[in-house]
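Student: Residues per chain, in single letters:
There are 2 protein chains.
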Amino acid sequence: MSEVETRKPQSRLQEQFAQINDLLQRQRQAEELLRRHGGEHKRVENLMQRQNRAELQRCLDGLHPADIAYILEALPLEDRLVVWQRVKADRDGDILLEVSDAVRESLIADMDEGEILAAIEPLDSDELADLVEDLPPEVLPELMASLDPQQREQVQSALSYDEDQVGALMDFEMVTIREDVTLEVVLRYLRRFDELPEQTDKIFVINHDSVLTGVLPLKWLVVNSPDKSVGEVMARDVNTFLPTDDADDAAQAFERYDLISAPVVDGGGRLIGRLTIDVMVDRIREESESEALGRAGLRQEEDIFASVWASVRNRWSWLAINLVTAFLASRVIGLFQGSIEKLVVLATLMPIVASIGGSSGNQTIIKIVRAIATDQVGLNAIWRLWRKELGVAFFNGLIWGGVIGAVVALMYHDIPLGLVMTVAMVLEQMLAAVMGVGIPMLMLRLDRDPAMGSNIFLVFMTDSGGFFIFLGLASIFLLH
Amino acid sequence: MSEVETRKPQSRLQEQFAQINDLLQRQRQAEELLRRHGGEHKRVENLMQRQNRAELQRCLDGLHPADIAYILEALPLEDRLVVWQRVKADRDGDILLEVSDAVRESLIADMDEGEILAAIEPLDSDELADLVEDLPPEVLPELMASLDPQQREQVQSALSYDEDQVGALMDFEMVTIREDVTLEVVLRYLRRFDELPEQTDKIFVINHDSVLTGVLPLKWLVVNSPDKSVGEVMARDVNTFLPTDDADDAAQAFERYDLISAPVVDGGGRLIGRLTIDVMVDRIREESESEALGRAGLRQEEDIFASVWASVRNRWSWLAINLVTAFLASRVIGLFQGSIEKLVVLATLMPIVASIGGSSGNQTIIKIVRAIATDQVGLNAIWRLWRKELGVAFFNGLIWGGVIGAVVALMYHDIPLGLVMTVAMVLEQMLAAVMGVGIPMLMLRLDRDPAMGSNIFLVFMTDSGGFFIFLGLASIFLLH
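Taken in order, these protein sequences are the chains called S and R.
Going by UniProt numbering, the first residue of the first sequence is number 1, and it counts up by one from there.
Going by UniProt numbering, the first residue of the second sequence is number 1, and it counts up by one from there.
The following block holds chain S by itself, in its conformation from the complex (with noise of 0.2 Å):
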């Protein structure tokens, strides 16, 4: 009885990578000594080169598609394509399922027709609806022409569905049986299988309309005695899903309620696919990330390596929209301009308000943004949600402000401008926590997605607003 194998996965990847990188260096090298020398070495090094490409290859057989995946997404586009070309080809078509889509555009830009069809041809109808958008449009009829009429009928389906819903994220992929059979028979049934589908933890219970009755667990089959029938075992109230239900709280149901695979049905509860937990931990990954990313004005994920080009036009429309509201703010500045003229210290001084505003208020927006994500606030709680945030606001004005008005007052040796230095914190504050609730409620009530976008609007507020306070109350109180 041999011990089992035990991969430790991700030092063992490491450690792959590390080794792949070092073969990559070494075939560089090798190609630079025979661009160096001419022909001079040539067969010499055209051997190492060979063996070079051989161990390369031994290398990338013994690691899963995820592995590969993950491995090309952190290579630069040189080394990228080298390694893709050592790839078999029939992990092709895996290997583009897993990559992102950045990646997945470079690898098929250096693909001919022929090798995308054969990549995706052992590929699943719901595996390759993912694919078809980021293929060249010149292999779609071939491609289409090369399926039966359910695979084509199913892949017209997930397409027919927005990314975002739960049809465009089913498989096809499931295991049937009625309910008046025994579980013996149900056993020799599976029996008759070389493989049951992946993530397969339960079987679906149909009736001749292939209306769905219920789920039967695979655990519960196992344990329960084979002269029970179907019916007597299986689950009636399950976790079906729509189609057209929104993919994220599919996720949701998935997550709270520690899903495995859950059936889709029709409006007439006809059984039509099913969603499994691989998928919806993608989802919620991708959730969280184009969150993040959208928070920080990325229109979308960026390859690593991404040229130059792409990273500025990626990026650039975020700068846009922020150049203007920066300008904008400026201009509450340029109001102000007579009263800096006659006391400067207020130009020092009036980026501290702004910037302490803008980071409480995105406190306040985070906190906001994650509760209406997760459905836990609604319209209704916004009077008690700005109650609280103007108390929380109220209170670190009043500490932070007093600090640095008191420092500001021993600096200066003018106690009236800490004062106003301390009363601009507290309304800044203020005004931080008003927009924090606010801007995402309005974005709630305009029923758009919270997050996007609702930083750039708060820092323009509490930049325009707190230049607007600290230089307005200093004309008020300090010049006059």
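Do not take every clue at face value.
No copy labels: a pair is met if it fits in one copy or bridges any two.
[Unchecked claim] Lysine to any residue pairs mimicking SDA-like chemistry, simulated, CA-CA at most 20 Å apart:
id	residue 1	residue 2
1	342	190
2	228	124
3	88	110
4	228	176
5	88	112
6	228	195
7	88	61
8	228	194
9	88	66
10	88	111
11	219	187
12	88	122
13	219	237
14	228	382
15	342	289
16	228	179
17	88	113
18	219	190
19	228	52
20	219	176
21	219	115
22	88	117
23	88	50
In case anyone wonders, no lab produced these hints; they're calculated from the structure.
Since we're looking at a predicted model, the values are computed, not measured.
Use these hints to put chain R onto chain S, whose structure you have.
Tutor: Relative to chain S, chain R alone:
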């Protein structure tokens, strides 16, 4: 054959939540009336209250513990405790496991010792270990005394690991078999169980020393002939984890290899526990949330209805640091007070430079932090990343610096001022790029979490750097 009862999870839950909120409001109104009218209508209102309470109870009894947890999270403290008191005692433990730390604290504070012990009595060892930290210390001796030796050992073992380690997340509910028996025997053995543990997709194969030799997925158990032996069918190449492995690495492995459960073994390969996907999904969600919260400077998840005082404490350390950095940045402006006195428009324009630098630096940092978190870039990539980000920064600076420079030149009829603005924007963008790559890389080098606090430092650098670049250039080229 009746149709399955389909549950639309999210909308159903929202309805229930609305209904419960409604009941709570009626309850409050009844209490209010009772107080206002004194004894007058006492009997009627008492009856109303009782009806309300019964209806609330009925509502709650129909809900999944995770749903009740969700509702408790979404209610302000007072209402939360009303609901909590109506929850059947035997479900308290499951619900406590589902709620966030902040809410858990508020619920436990409302229970007496007896209630707490009764609530946690039905829990498994790993679940107990999750709760122990939040329990009042006075119940611990009695709790530990109520456990059998094996459970006590398991709880202590789980507690001995850091919460970021696999050991703190594993459970102990495993079904184990020997590899020399047939599948027929395994099936007969499993039928002796009433139920298999949650999330059981495979059973673990061990030898007489408890060393893991393979795993047998239920899927494989049911499709293979019962005459085969476990050893013939089982998988020997298994993803295993050590209890000391990093929990986030484990979560990534679950995501990458689409695992549902995986064995945890000790250094000698002996099976000691099990990781399951539901725990990993929670981990993935928490990880991304704490990243988002950490970025905004919130020390911990904050109950949305936490008291003002708790919120002030949670947020103020960040504000204190921000105050210091904002103050230091303002000292940079102080250096150029003379220049601002001579040309007060500089005070108007300087925040534009700083603001754009801050947001593009933030875009860079978020990308780098993400790539580091997924191990896609290491320290050796820093030069390549710098080169690329500097390219992006140069173009963005030139484009938007050019735009704002032209606007400024036209507004103030001052071409040199416009040119200074443009050059300052380009330099500021490049500073932001250097910092956006450099700061998280430095954190990585120092073995710290690159997300935590990298933003404060970035904003400090882009603010003070932006002020310095712009005011410095202006002093040199416009005032001499």
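Student: Check each numbered hint from earlier against the structure, then list the numbers of those it violates in ascending order.
Tutor: 1, 2, 14, 15, 19 and 21
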